[in-house]
Amino acid sequence: MNHNVSSSRAIGLIARREFTVQVMKKSFVISNIIILAAIIGGIVAYSIFSGGGEDRDAIGVVGDQSIAAVLQANGDAIGYPVEVREIADAAAARADVESGDLAVALVPGGSGAYTAITDSELIGALRAVVEGSVQTQATDGALAAQDVDQAALAAATANATVTVTAIDPPDPEAGQRVALSLAAVFILYAQIIGFGMYVAMGVVEEKSSRVVELLLSTVRPLQLLWGKILGIGAVGILQLALYGVAGVGAGLATGVLTVTGTAISVFVGTLGWFVLGFAFFAVLYAAGGSMVSRQEDVNSTTMPLLVLIMAMFFAAFYSVGDPESTLSNVLSWIPPFSAVMMPLRIAAGVAPLYQIVGTVLIMAATTAALAVVAAKIYQRSILRIGKTVTWKEAFAR
Amino acid sequence: MSTLTIDNISKRYGDTIALDSLSFDVRPGELFGFVGSNGAGKTTTMRITLGVLSADSGQVLLGGKPVDLDVRRTIGYMPEERGLYPKMKVGPQLEYLAQLHGLSKSDSESAVQRWTERLGISARLNDTVDALSLGNQQRVQLAAALVHDPAVLVLDEPFSGLDPVAVDVMSEVLREKAASGVPVIFSSHQLDLVQRLCDRVGIIAAGSMKAVGTVDELRGSGNAQLEVHAPAATPGWADGIPGVETVDHSHGTTLLSIKPGTDDQAILHAALATGPVHEFSTHKPSLSDLFREAVEA
Numbered sequence: 018m019n020h021n022v023s024s025s026r027a028i029g030l031i032a033r034r035e036f037t038v039q040v041m042k043k044s045f046v047i048s049n050i051i052i053l054a055a056i057i058g059g060i061v062a063y064s065i066f067s068g069g070g071e072d073r074d075a076i077g078v079v080g081d082q083s084i085a086a087v088l089q090a091n092g093d094a095i096g097y098p099v100e101v102r103e104i105a106d107a108a109a110a111r112a113d114v115e116s117g118d119l120a121v122a123l124v125p126g127g128s129g130a131y132t133a134i135t136d137s138e139l140i141g142a143l144r145a146v147v148e149g150s151v152q153t154q155a156t157d158g159a160l161a162a163q164d165v166d167q168a169a170l171a172a173a174t175a176n177a178t179v180t181v182t183a184i185d186p187p188d189p190e191a192g193q194r195v196a197l198s199l200a201a202v203f204i205l206y207a208q209i210i211g212f213g214m215y216v217a218m219g220v221v222e223e224k225s226s227r228v229v230e231l232l233l234s235t236v237r238p239l240q241l242l243w244g245k246i247l248g249i250g251a252v253g254i255l256q257l258a259l260y261g262v263a264g265v266g267a268g269l270a271t272g273v274l275t276v277t278g279t280a281i282s283v284f285v286g287t288l289g290w291f292v293l294g295f296a297f298f299a300v301l302y303a304a305g306g307s308m309v310s311r312q313e314d315v316n317s318t319t320m321p322l323l324v325l326i327m328a329m330f331f332a333a334f335y336s337v338g339d340p341e342s343t344l345s346n347v348l349s350w351i352p353p354f355s356a357v358m359m360p361l362r363i364a365a366g367v368a369p370l371y372q373i374v375g376t377v378l379i380m381a382a383t384t385a386a387l388a389v390v391a392a393k394i395y396q397r398s399i400l401r402i403g404k405t406v407t408w409k410e411a412f413a414r
Numbered sequence: 074m075s076t077l078t079i080d081n082i083s084k085r086y087g088d089t090i091a092l093d094s095l096s097f098d099v100r101p102g103e104l105f106g107f108v109g110s111n112g113a114g115k116t117t118t119m120r121i122t123l124g125v126l127s128a129d130s131g132q133v134l135l136g137g138k139p140v141d142l143d144v145r146r147t148i149g150y151m152p153e154e155r156g157l158y159p160k161m162k163v164g165p166q167l168e169y170l171a172q173l174h175g176l177s178k179s180d181s182e183s184a185v186q187r188w189t190e191r192l193g194i195s196a197r198l199n200d201t202v203d204a205l206s207l208g209n210q211q212r213v214q215l216a217a218a219l220v221h222d223p224a225v226l227v228l229d230e231p232f233s234g235l236d237p238v239a240v241d242v243m244s245e246v247l248r249e250k251a252a253s254g255v256p257v258i259f260s261s262h263q264l265d266l267v268q269r270l271c272d273r274v275g276i277i278a279a280g281s282m283k284a285v286g287t288v289d290e291l292r293g294s295g296n297a298q299l300e301v302h303a304p305a306a307t308p309g310w311a312d313g314i315p316g317v318e319t320v321d322h323s324h325g326t327t328l329l330s331i332k333p334g335t336d337d338q339a340i341l342h343a344a345l346a347t348g349p350v351h352e353f354s355t356h357k358p359s360l361s362d363l364f365r366e367a368v369e370a
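Protein sequence lines, in the order shown, are assigned to chains A and B.
Under the numbering used here, the first residue of the first sequence carries the number 18, and numbering increases by one thereafter.
Under the numbering used here, the first residue of the second sequence carries the number 74, and numbering increases by one thereafter.
Zero decoy hints are in this set.
Calculated pairs, DSS-like style, for lysine-lysine (alpha carbon to alpha carbon, straight line, at most 25 Å): (1) 160(B) to 43(A); (2) 43(A) to 162(B); (3) 42(A) to 160(B).
Residues of chain A clear of chain B, computed beta-carbon distances all greater than 12 Å: (4) 54; (5) 101; (6) 148; (7) 154; (8) 208; (9) 260; (10) 262; (11) 285; (12) 292; (13) 328; (14) 337; (15) 338; (16) 389.
If you are wondering where the hints come from, they were derived from the structure by calculation, not from laboratory data.
Ideal Cβ positions, reconstructed from N, Cα and C, are used throughout, including at glycine.
Bound conformation, chain B alone:
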């Protein structure tokens, strides 16, 4: 299993810069969450990875080798715009796609059986796709990305439009594929889900990567927030402490922003000096906070 590398990719549409020297890695066995606003460049990045679009410059590598058609065939892909033949039956359609990805007829049959059972759609093999509910179409789409036992998974918004049960199944499958050593990248706007699920996260804005790291790294890298409930304290009580900034002060509760590495014990002492302290708690920023920070910056 090898690392998927996005190496310095740029792409313009006319005057619009869609991607500006974008670089990041998705390591083997890693579940990588790709987040960003609409139009930030997530889908463009994925399309370039799959060769559906070509980059103006830069390249995509798998295990250090440029991704060509033969490599691409080993990628499992779920496009943002879901696409299947609406009038073709689920079973034959998945077998066809598996065979286009290089499976023999018998391998494709058993893979389709396995994955449709796993995804709870094995009873629908003889239905045409357009006869299925949107949620079930989504499951077929995921099956289409998985049937050829891909060496890399690239999924654009795999969770959109899924019910909670399907979200659980999808999460489980993604974790399992990552655990088997496959690099998995997916984009999502459901940040709590990304935070819970992903080993690493990349935040993209305006075509360039604003932050990449594990969720803990990212949360640790930003300013933490400290909430202090000291009813006797006067506004500005903490302003003298280095690395501390008052965000809000009301009804005896002060919200402080503290830079990484600031000594929180010094803050506690200063708080106690004003009188009793009933609450003293740090909040690491959530992924949503980081996301807003990155997008607004």
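Chain A with its partners taken away, still in its complex shape:
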């Protein structure tokens, strides 16, 4: 019988077991179904309750409808589109305003005057649309009475427009970018803590059940460590991909998200940075897990990691509002902060390519160096049953 097992075969077997065990866990499957339903349901509900995006004011017009076209044109011109409805008489108009169906109703008086019936007051853009339209209607009527050539007038005034040159124009996608950043930061936070903890618990399980002694008589400690991290990491990527596809898919399908390109690049960036962030913390979580002998003790060695992750995410939430700040820029170069600052900057659209490449390289190099140290700790601690090994002891020896 062939007893040779290559390193890749050993790691592959271990990773496959970790993956299978994790995805077959009832609690894991159920919680994921709930979360996916919540993501899709939440986005669909948002799209329904926000009325599909635009919510126009309705203006009712009694009598002559020629002003309707003017109202619509004026509304569009000032960026406040309105809906115009024909109303039979003043009484009906009053009733519709009272019931809230109409924002305002126009009842014609004499010589171009109108009475506007509204709930309490007529203000802002809607007032501008109404007053401008009544003016235009009256002016047009007067000009026509003077036999002015309407076409010549339009041509003569066509160039009298205002062109806006904004120094800092508002980004129409800003709202969606912030939402995407927040989603990316929050999901990364949950994924890194969750799957880091799965690694630590898996290591402790092997140690406390003593199966590790049987395993280490046939595989090397590092094969066991990497197999576990790869297997659990693969589940993490799968879960993140499912959430991303569900979230971005539902967002685009319902029209809540319109920035397809940004959404997809945030999705890909988040996935990529999860791999780096997870690898960074997974080796540390494995080392932390190997230092204790009982599940109850695992929090004592993983607490410093949790604190570091919390610090990362506080910095991230702080930076969501101002992704171009110096803090965000500096932290994005420092591992492990890059793992959450970069997806945020990518979502905000302020990450140049050189920064993406540079921070990925720094993060990867740091993770590799850390993996060597953490793997040493793991190797030293994994068979030490009994008293919890402290981080100080673990690094010292």
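Based on these hints, arrange chain B on the given structure of chain A.
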């Protein structure tokens, strides 16, 4: 099949010497019983053999070659601290362990089938380990040591916690593996079982081997005891005979300790000289006696 050699192994834990230049062989086809008090060094020896612990000095050889990871993978091991994934099903778990030891998927499936049937746990393949009784968990643990058709078996306390039926199955399996040419070493505190089962026995105390040999050799090497029932004999009747020492004398029964090679006929003559002799029987020391002697020495 090759000999497993423990060659001059030493191991310290801080100030405690766990193993002190320990050496012995387990030959192909041999069932080797490893006995000693708690803390004598049995488990440490086995862990070093499996590479789970590293020795401070000395080495473990199989067929004259140092045991590395590839060789180690051919060893079947049952750790003292039983260890299996508690929440994993028996069948997939055994297949996984077999594959880690180098079996292909299909080989692992048939091996698991074969061994679980043999050990009477084939009905439990789809149960998780923690749903099994301790005795059945023990059988799964033995199956885990056997599924990859090991070239060496190293079993730490395989009989502890087994019911008599399971003890019989375990004994039978161990004999069978030895008969197929595999060196088998196991530790146990059940000395009668070791005496009955083993071809050779090693007695370890305080990290060094006190005695190694076949059970008969060991029993023959110590002082035999002779019980003589001669009612008329007076105390000290046998003291003049070379190699003989009186252990006890009461109610006409004398218990003598006789060195190997002493002429028992001379003792019989001396006994008959005191009057009638109703009983004259030698007792070889049991393994338990030898064990006590070795541990107390």
